[in-house]
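Protein chains: 2
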Amino acid sequence: MDTVVAALGQRARGAARMLARAPTAQKADALTRAATAMRAAAPAILAANAQDMAAAAHLSPAMRDRLLLDPVRLESVAAALEAVAGLPDPVGRTIDATERPNGLKLARIRVPIGVIGIIYESRPNVTADAAALCVMAGNVAILRGGSEAVHSNHALHAAFVTGLVAAGLPADAVQLVPTQDRAAVGAMLAAADTLDLIIPRGGKGLVARVQAEARVPVLAHLDGVNHVYVDASANPAMAARIVRDAKLRRTGVCGAMECLLIDRAYPDPASLVRGLADAGCEVRAGAALRELAPELSQARGSDWGREYLDAVAAADLVDGVEGAIAHIARYGSHHTDAIVTEDVGVAELFLAEVDSAIVLWNASTQFADGGEFGLGAEIGIATGRLHARGPVALEGLTTYKWVGRGSGQVRG
Amino acid sequence: MDTVVAALGQRARGAARMLARAPTAQKADALTRAATAMRAAAPAILAANAQDMAAAAHLSPAMRDRLLLDPVRLESVAAALEAVAGLPDPVGRTIDATERPNGLKLARIRVPIGVIGIIYESRPNVTADAAALCVMAGNVAILRGGSEAVHSNHALHAAFVTGLVAAGLPADAVQLVPTQDRAAVGAMLAAADTLDLIIPRGGKGLVARVQAEARVPVLAHLDGVNHVYVDASANPAMAARIVRDAKLRRTGVCGAMECLLIDRAYPDPASLVRGLADAGCEVRAGAALRELAPELSQARGSDWGREYLDAVAAADLVDGVEGAIAHIARYGSHHTDAIVTEDVGVAELFLAEVDSAIVLWNASTQFADGGEFGLGAEIGIATGRLHARGPVALEGLTTYKWVGRGSGQVRG
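Protein chains in written order, with numbering that gives the first Met the number 0: chain Z, 0 to 411; chain F, 0 to 411.
One chain only, chain Z, in its complex shape (with noise of 0.2 Å):
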């Protein structure tokens, strides 16, 4: 397995070179007739799509439709490839740039990671959209998705090597992993001499799995443990809606609200649930807001710090913007979580306090995501610390060089 991942490498490392000195209009070119060809092989696609749903009998109706492509899905999916075509190219970008008093002229100038190596499940469309990110920003992809996608995967994988041939890009710089074996995965994990990144788009297990083992740099993408605080300040309309788009605009997704905190002074915090709660959110109270709305299932120790990814809510009265600040440390897992209020202190608070990749004031958490932020497309949002945190787009998979002009200079 480790000589598949290498050889896949050795071939990715030549690529690099070309993917990091191609012009934009290259680049945007390969994703274009890359869309191009994804429509032309519609049929071709969602034959092999059908394949994977015919096999995937035994999934939940959940994963069924992650999995599932049709015609409006794959145009999407193409469209998708034009997007990214569009945005501006991070590449050679200057971050700054300054002159020594000797003369010596420096600047930090963004260049491509190199190789990236996305491990991802269920999703199709990560092919393209991961793939797209990747090629825009210079870098190679080695891919290895999910299996219950095999076939669909390889169909769109081919699609887009048409495209980046197409455009005289190599067809090594998008590389599918020709197995399903999990010992590929763990190959890719310890292979610091191939990969640069790795990014793991999945559930709680493929992402565990990936930070125990991994020997390359990884930008992970945590659960999304997002929580919504209602200040006593709070404009109760503004609130209510603020909450419900956060909790059940979509609740599958990482960016949704999982638990509901409401300041004890908020003047009436059993309506603000109650209305969560006809809006069709199993609301799960804490005892002191239960106090206030018994016909609400009690929260157990463990519906804080939960993720349910449904129409599900923890929920509980808090100690003002202090109570709400001290939960979040505790519970949240630093992705995304805002505050509703009309007083400024309290929000700059807030804002400043809680430690996320994302914090919002009086906006829905739903707000996460690389296009409402204007970037463009995400591969993610990323729950660590270093290098990129937050929506992750094209600057996210770039790094830097510092580049130095001089005439001569010498330390002495």
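None of these hints come from the bench; they were simulated from the model.
Copies of the same chain look alike in the list, so a pair counts if it works inside one copy or between any two.
Taking lysine to aspartate or glutamate and the DMTMM-like style, the derived pairs with C-alpha atoms no more than 25 Å apart in a straight line are:
(1) Lys104 with Glu321
(2) Lys203 with Glu306
(3) Lys104 with Asp342
(4) Lys104 with Asp354
(5) Lys104 with Glu394
(6) Lys104 with Asp88
(7) Lys104 with Glu352
(8) Lys203 with Asp64
(9) Lys104 with Glu341
(10) Lys104 with Glu347
(11) Lys104 with Asp368
(12) Lys203 with Asp309
Bear in mind that the values here come from a model prediction, so they are computed numbers and not experimental data.
Fit chain F to the supplied structure of chain Z, relying on the hints for placement.
Only chain F this time, still in chain Z's reference frame:
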């Protein structure tokens, strides 16, 4: 051992929240007071160092020199604290900001990384330098120095903590691992819940162990196998000056040149290498170069890609800039590489294609230093690709968060 590190970590988490919100003036005050405390404690620190030196009779002269503190060196340690106190504080700085069409105002704001573990060897000044940079960037530091410097490190740490406490910052903001048991390093490397980042500073053995074992993100500082390429178009006097400085100004620093590559079309390669040899450098020449200067010793295979850290250099002829780029891609360590040329096109090709943290044109590799780059200090030269590359100072010890300010926006 895990419990020792866990106890340090628990105290560190408490201190981290205070450090993260400490104003710039308070952090600077702590460093200034630490410098004062170090000067006041000079007799105790030098006595502690004498104890370490007495136990170090078996070490090499180079290691003993790294270990030694004297009044002049101690004063420069104290002065370095004051210099860091005067640096601009990156915490709270806005990286970029935007307003979305829906009115949501987004900004990326620099925040501390959190708790940083530093694992280092011999040089006791790292105790003060690393602590100062971590604190100024709002981080808590857990320091694990080498056993040979244990008394010096404890004395320097005690003075540093005096400064922290005098400025009203928690003593736990900088903690020294209280045992020299090697298992403590293993416990730090595994402490993903305790440490947000590990920075190893030391020899190959230490860095290799850290990279092999760490479950915590690592900012690695590997070898500097640095090249100077002298192009056919180089100004010969400038080339001689740069090559000599790059190799011989200080041979033990990570920015020293280890390999000289000369364009086959350069007018007089023999003079260039003879100049370096005459200045006191042993030149180990490849076959092609040795034909021109047969008095040089013969390079073996192991001389390519080797970090001598001594008055020794490998040297060879290459086929122009493309030959140099290929040689560096094969043997370099992605640290610092330089070109000497009068041809801007050749220079720009080298700067673009050589994949090193620092690439220089017509300047000595010995500029690879945070101070020389205007960063005011450095915790090291990072040779990895993620998060920070090249000289790492305050900014590299921070991360960012996304802060969004809305007026009730929902995604709907």
